[in-house]
Amino acid sequence: MVQSKPEQMSLILFSGDFDKAMAALTLANGAAGNGMQVSIFFTFWGISLLRRKNSGSDLFLEKLFKGMMPIGAEKIGLSKFNFCGIGPWLLKKLIRQKNGQTAQDLFKMAMERKIRFIACEASLKLLGIKPEELIPYERLELAGADAFLQSALESKIAMFI
Amino acid sequence: MVQSKPEQMSLILFSGDFDKAMAALTLANGAAGNGMQVSIFFTFWGISLLRRKNSGSDLFLEKLFKGMMPIGAEKIGLSKFNFCGIGPWLLKKLIRQKNGQTAQDLFKMAMERKIRFIACEASLKLLGIKPEELIPYERLELAGADAFLQSALESKIAMFI
Amino acid sequence: MVQSKPEQMSLILFSGDFDKAMAALTLANGAAGNGMQVSIFFTFWGISLLRRKNSGSDLFLEKLFKGMMPIGAEKIGLSKFNFCGIGPWLLKKLIRQKNGQTAQDLFKMAMERKIRFIACEASLKLLGIKPEELIPYERLELAGADAFLQSALESKIAMFI
Chain A
1 MVQSKPEQMS LILFSGDFDK AMAALTLANG AAGNGMQVSI FFTFWGISLL RRKNSGSDLF
61 LEKLFKGMMP IGAEKIGLSK FNFCGIGPWL LKKLIRQKNG QTAQDLFKMA MERKIRFIAC
121 EASLKLLGIK PEELIPYERL ELAGADAFLQ SALESKIAMF I
Chain B
1 MVQSKPEQMS LILFSGDFDK AMAALTLANG AAGNGMQVSI FFTFWGISLL RRKNSGSDLF
61 LEKLFKGMMP IGAEKIGLSK FNFCGIGPWL LKKLIRQKNG QTAQDLFKMA MERKIRFIAC
121 EASLKLLGIK PEELIPYERL ELAGADAFLQ SALESKIAMF I
Chain C
1 MVQSKPEQMS LILFSGDFDK AMAALTLANG AAGNGMQVSI FFTFWGISLL RRKNSGSDLF
61 LEKLFKGMMP IGAEKIGLSK FNFCGIGPWL LKKLIRQKNG QTAQDLFKMA MERKIRFIAC
121 EASLKLLGIK PEELIPYERL ELAGADAFLQ SALESKIAMF I
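Chains as they are written, first to last, in this note's numbering: chain A, 1 to 161; chain B, 1 to 161; chain C, 1 to 161.
Fair warning: there could be bad hints in the mix.
Treat identical chains as interchangeable: a pair holds within one or across any two.
[Unchecked claim] Distance condition first, Cα-Cα at most 25 Å in a straight line; then the derived BS3-like pairs of lysine-lysine:
(1) K5 with K93
(2) K156 with K92
(3) K92 with K130
(4) K5 with K114
(5) K5 with K156
These are computed hints drawn from the structure, not numbers from a lab.
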């Protein structure tokens, strides 16, 4: 798939589920590994993957929603059979037994492969998450839906996850 | 993105979740605002966004499924943390506090921007929803999966939400 | 849509939900019926559609996850209102009343229409599902995410379901 001008793939990660995040990161890393330029637009529950730490916030409802959202790739739940976190814990154990890649591994690989991360500004504003609460990464931008659409128009593959 | 022949985007809204509907409508409005031609194919749970009112129906199972499906953009639940409707209520309150756009605003904007709505005929038949139970909108059509596929083939972006 | 070189569509079926599987198969059959070449990449929960029978497995965690995953198109649940299997049972009853196509019908039609099935190798390995536990079908391949990406790059439509 190596070409003069690399093919592009744009993903929206709307879901904050562990299993869907792993699917998105696996596809993104596979595409980047094959020379494609990959952008992931993190929006709504997907923002939880980019969070570094909880900081003080004044609005009660913000706190409530932020409190419900997990922080980082290791804390998110499954889309099915979550069982209050037992599902993801078992899945991670199973992945370790099989020497598979964990969500954390896939997330680090995505950064090593220079995948472009876009954090949805409207979601950050709505949830009261400040830019300094996100992971440090030079390829992380804050932008709106227009940035995703522009990227998707230039892409061969655009998917909503 | 303004061009001689406008780019197209086709979305399938399968989900009836409030948060996913807002994501779909935000993308659709953004694309239409940038001069793209946008079609949304509402199918299965997504049909609930197009419902105007409940009417009498003879089949018990239809009634049961229709009774479970919410009516209109203001009544639908969240894909996560729904808590019997408390989640969406809190989210709407948060959106109001932030002066953000509500689902109802986004839905109206989509109609103002002449986004094409396609209601999946097979879903309507299955759920026993009659065309007169859907919202009045001159750009609303009833059609099958073929209409979506034809539109997707002409589109730069096609996504399943 | 009949052309010298047929258009392609590539779907990822990540979800193991009955309603989403029906949506994927309806789109796939519609596209194949219009002369398109269709590939479905079954991954994670979507693998449950391809399972034939449960076989003995040594790892406890594998057994646990495999035990949670349903087997075949008739046993999967709904993404909403599943109610411990009552939802899918009611939906199937409703489909029969309306003389609609069941998931099993759609699945058989997909095989008759020579739709290419790709079972995600990493998911099989992770869940401890052996190739001989999958349905017999000459167009079923085992492959990784790269196979999906290659297919998606050649496709007009690529969607994540």
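Verification of the hints:
1. For the identical chains of this complex, K5 and K93 are neighbours neither inside a copy (40 Å) nor across copies (46 Å), given an alpha-carbon limit of 25 Å.
2. Taking identical chains as interchangeable, the C-alpha atoms of K156 and K92 are never at most 25 Å apart, the minima being 32 Å within one chain and 35 Å between chains.
3. In this assembly of identical chains, the alpha carbons of K92 and K130 lie at most 25 Å apart only when taken from different copies (20 Å versus 29 Å within one copy).
4. Taking CA atoms no more than 25 Å apart as the test, K5 paired with K114 passes inside one copy only; the shortest distance there is 16 Å, against 34 Å between copies.
5. Proximity of K5 to K156 under the C-alpha cut-off of 25 Å is found in both arrangements, the shortest distances being 12 Å within a copy and 18 Å between copies.
Hint compliance for this structure: hints 1 and 2 are broken, all remaining hints hold.
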